[in-house]
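Asks: What follows is each chain in one-letter form.
2 protein chains.
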Amino acid sequence: MFRNFKMVDRFIFGRGCINQLDVILEEIRENSSSSMVFLVDDVFENAEFDNRLPVIDNDYLIWVNVDEEPKTGYIDTLTEDLHGRSKDLPSGIIGVGGGSVMDIAKAVSMMLVNPGSSADYQGWDLIRKPSVYHIGIPTLSGTGAEVSRTAVLSGPVKKLGINSDHAVFNQIVLDPDLIADVPKDQRFYTGMDCYIHCVESLEGTYLNAFSKAYAEKGMDLCKGVFLEKEGPEADEELMMASFCGGMSIAYSQVGVCHAMSYGLSYVIGLHHGIGNCVAFDYLDEFYPKGVAEFRQMCEENDIDLPRKLTAGLSEAEFEKMVDVSLTLDPLWENALGPDWKTIMDRKRIRELYEKM
Amino acid sequence: MFRNFKMVDRFIFGRGCINQLDVILEEIRENSSSSMVFLVDDVFENAEFDNRLPVIDNDYLIWVNVDEEPKTGYIDTLTEDLHGRSKDLPSGIIGVGGGSVMDIAKAVSMMLVNPGSSADYQGWDLIRKPSVYHIGIPTLSGTGAEVSRTAVLSGPVKKLGINSDHAVFNQIVLDPDLIADVPKDQRFYTGMDCYIHCVESLEGTYLNAFSKAYAEKGMDLCKGVFLEKEGPEADEELMMASFCGGMSIAYSQVGVCHAMSYGLSYVIGLHHGIGNCVAFDYLDEFYPKGVAEFRQMCEENDIDLPRKLTAGLSEAEFEKMVDVSLTLDPLWENALGPDWKTIMDRKRIRELYEKM
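Protein chains in written order, with numbering that gives the first Met the number 0: chain A, 0 to 355; chain B, 0 to 355.
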């Protein structure tokens, strides 16, 4: 069986295209009198960024905090808050921020119409009812969250996405202007998330011609951005790299690096992009060419990766990291084939974590 | 203003994925009791190809003829025929064939719910009512019709597409098996349609980073297929090349070659792919690198382009070709910039046609 991939309904791409958001919303507002809900990364709270958003009348602008990656409890609180504000469903949820905010917007739009806790839906295709109309406006590029069917969440027992066609955005607004002011290190880490996606996709066992085409292009664009280009053109290409990296996952999967990085995020709270970079630097044996190029990009961009992050972790914490990593069967299977359990055991994962 | 691009809702890609069509249709049938209408290229009429299609109960299988490229009169006849068969709208239109059949499926799905003749809608954004659910299953790769918002038609006075978000397929089924048996010349001509798209997109004035990424990838894949690869892998890559070439038009346009080729099709009935090849070979002055590579691919694939096709045309026929070509403002503007009329006049177009 091949996956029948749900695409984002509409995209708009171009420098300054966020200024067309009012026109896009107008059409949605025509068919509904309820509020639009803007979920915006609170790093923009004092940046007058909200002036650029068409928040009107009874709309809500809610600053969301992603100092920690989104937790199921946070999604449940946001959902409850919105139910409390109005008995009508919002006419749209608009997420403005990095991958974490994209994930929050997806998750809230699903949880507004599906009962229970978001933790009940961590896994594959568990969401039953279609989500509220939702828009993604990335202000960081790399994760590919803007085109994926996943809302990655940390729950009471695991870090695992809600994977559903209902997670897919109805609209994405890709404005390269919005990533122009990202701090250099953060830009690098999220950019490398894309590069690592592409490596894991291309080196994986699930790959087909569709995913290969996208992963190759995503990788080329990343290398251009981090080895050659600067300025506005680089912003545009990084945004496209993220789009291609995300699309490449349609018939592929990420691999060893993401599986390890999920454990790091869960236990020591490392954000996804930097977590991938920390892990990838120890994975020469799986991705020799990719890791070599990655190190070259680190050097070109004056990046000092944090080291010894797991030193001093307790036995229980190490074991929890290994547990989280091992729940991600499809990632391991993509990376190492159907017999991955004969190749990768707890001891080997633990040894890798001890180096990081 | 940037275009807010409507994507195909869903795609499935993989060798043999046409066998999942029944599962895809099941979901649509659940919500509607009316017929599915299969519009299938009649080259498959004696090929037992219809055995592979899930035609059941009160569905209709209609063989469509595309010896000539689709005309507005043909669309109107098909639409009327379907209205005559049932007072209910079909639950879906499934087009199976090359770019012409894709265009027919798009046009019929729109015309079933929009009054008048399809000729009334040749142009940009004239369709008012949402089309019937429609699926595209390409059996030729190159035009990008599977992802475009255009149903190209020849009408009483012009060859011009119905360009509309409502033309976009709800589902595409991309099965590389279906293009495995295309005759060599036809495969080349439709493949070159993709290559030429990419050249015109990359050399055009409308280009942005989105369209550039897709056009570059589409071009690379084409060159791989026609200069290096053979066999199943080449089918898969050609199908992806077509997809990328089509997507590259999102923020771009085709150019001089397509504008000239439309005139050839209209007056001497040349099919789109071969028409592009005939025209492109005389366009060194506009696309020197592209034309050189194109000739290399012709040579590698033992292609003898037809020559002297316009010899013996009447004065009126030449004038008509020039007229058809000159109606295509956006193509000329993309190719030559906003002042294109100072660069390209009737005389120069006529001289180019005389060589072909």
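Quick caveat, the hints were computed from the structure, so don't treat them as lab data.
Mixed in with the good hints there might be a few duds.
Treat identical chains as interchangeable: a pair holds within one or across any two.
Quick list of in silico lysine to aspartate or glutamate cross-link-like pairs, DMTMM-like style, CA-CA up to 20 angstroms [unchecked claim]:
no. : residue 1 : residue 2
1   : Lys128    : Asp8
2   : Lys319    : Asp344
3   : Lys128    : Glu29
4   : Lys340    : Glu202
5   : Lys307    : Asp184
6   : Lys70     : Asp58
7   : Lys128    : Glu26
8   : Lys228    : Glu215
9   : Lys5      : Glu29
10  : Lys228    : Glu284
11  : Lys222    : Asp338
12  : Lys5      : Asp164
13  : Lys228    : Glu292
14  : Lys5      : Glu26
15  : Lys346    : Glu316
16  : Lys307    : Glu44
Asks: Take the hints in turn and mark each one as holding or not.
Replies: Against the structure, the hints come out as follows:
1. Lys128 - Asp8: So Lys128 and Asp8 pass the 20 angstroms test inside a copy (18 angstroms) and across (18 angstroms) alike.
2. Lys319 - Asp344: Within one copy only: 14 angstroms inside, 73 angstroms across.
3. Lys128 - Glu29: between (23 angstroms within a copy, 16 angstroms between copies)
4. Lys340 - Glu202: within (18 angstroms within a copy, 50 angstroms between copies)
5. Lys307 - Asp184: within (19 angstroms within a copy, 61 angstroms between copies)
6. Lys70 - Asp58: neither (25 angstroms within a copy, 49 angstroms between copies)
7. Lys128 - Glu26: between (23 angstroms within a copy, 15 angstroms between copies)
8. Lys228 - Glu215: both (18 angstroms within a copy, 17 angstroms between copies)
9. Lys5 - Glu29: Intra 25 angstroms, inter 19 angstroms, cutoff 20 angstroms: inter-copy only.
10. Lys228 - Glu284: neither (30 angstroms within a copy, 31 angstroms between copies)
11. Lys222 - Asp338: Intra 32 angstroms, inter 37 angstroms, cutoff 20 angstroms: neither.
12. Lys5 - Asp164: both (6 angstroms within a copy, 17 angstroms between copies)
13. Lys228 - Glu292: within (16 angstroms within a copy, 28 angstroms between copies)
14. Lys5 - Glu26: between (22 angstroms within a copy, 14 angstroms between copies)
15. Lys346 - Glu316: within (14 angstroms within a copy, 79 angstroms between copies)
16. Lys307 - Glu44: Result: close neither inside a copy nor across copies, 33 angstroms intra and 68 angstroms inter.
The structure is inconsistent with the numbered hints 6, 10, 11, 16, although it conforms to all the rest.
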